[in-house]
Amino acid sequence: MAAAVAKVPALISSAVAQARPKFAIFMKYAKVELAPPKLSEIPQIKAGIAKLLSSAKSGAWKQQTVKQATLNTLVGAEVIFWFYIGECIGKRHFVGYDV
Amino acid sequence: MSDLPYGPPVRVSPLIRFGRWSFLGLGVAYGAFHQNRLSKKEAKLREIEAREKVVKDAKLKEERERAAAG
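The listed protein sequences correspond, in order, to chains W and S.
Residue numbers for the first sequence follow the working numbering, beginning at 1 and rising by one.
Residue numbers for the second sequence follow the working numbering, beginning at 1 and rising by one.
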């Protein structure tokens, strides 16, 4: 048991050494894909929201192909799921509230 | 850039990124706010229950003594 416990720091350092280049690759993707929007992109965001609202009003959303509609639904569902992930973080409990 | 294992990173539209981060922030805020509200309500209920518990314990003790004597 003492020998196994003594090996733990060596295991941790080797795991960290292995994970470092993989983490660097993850950061390269994350900087482009997961980055929060910059202030300079606000007009694009406003244009996107306006396009969504106008297409909802004019009924143009019914003219999508089924494939486009499926993809848009999945993306929209993922964006909404982040709210519930945030709620779990805010209430500091996974299922339900801990009173 | 060309040595990444999954190809070049996808340029996610700023609207989607804005939506994700803003929903995350709103969720954290709502979770913390609701947790606070519910825990305050629960604290009040616990106080009321503690007060009633004293009365209930006294009544139960009385009934047990009556049952043991009778």
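I should point out that these hints are in silico values taken from the structure, not numbers from a laboratory.
Predicted model only: the values in this text are computed from it and were never measured.
It is possible that part of the hints are untrue.
Sample of chain W residues at the chain S side, in silico, Cβ under 10 Å [stated by the list, open to error]: (1) A30; (2) Q44; (3) K57; (4) W82.
Glycine residues also receive a C-beta, built at the ideal position from the N, C-alpha and C atoms.
The hints, checked one at a time:
1. Hint on A30/W holds. Least Cβ distance to chain S is approximately 8 Å, under the 10 Å limit.
2. Because the beta carbon of Q44/W sits about 5 Å from the nearest beta carbon in chain S, less than 10 Å, this interface hint is met.
3. Of the supplied interface hints, the one on K57/W is violated, with its beta-carbon coming no nearer than about 18 Å to a beta-carbon of chain S, more than 10 Å.
4. Given the 10 Å rule on beta carbons, the hint for W82/W holds: about 4 Å separates it from the nearest Cβ of chain S.
Checked against the numbered hints given earlier, this structure breaks only hint 3.
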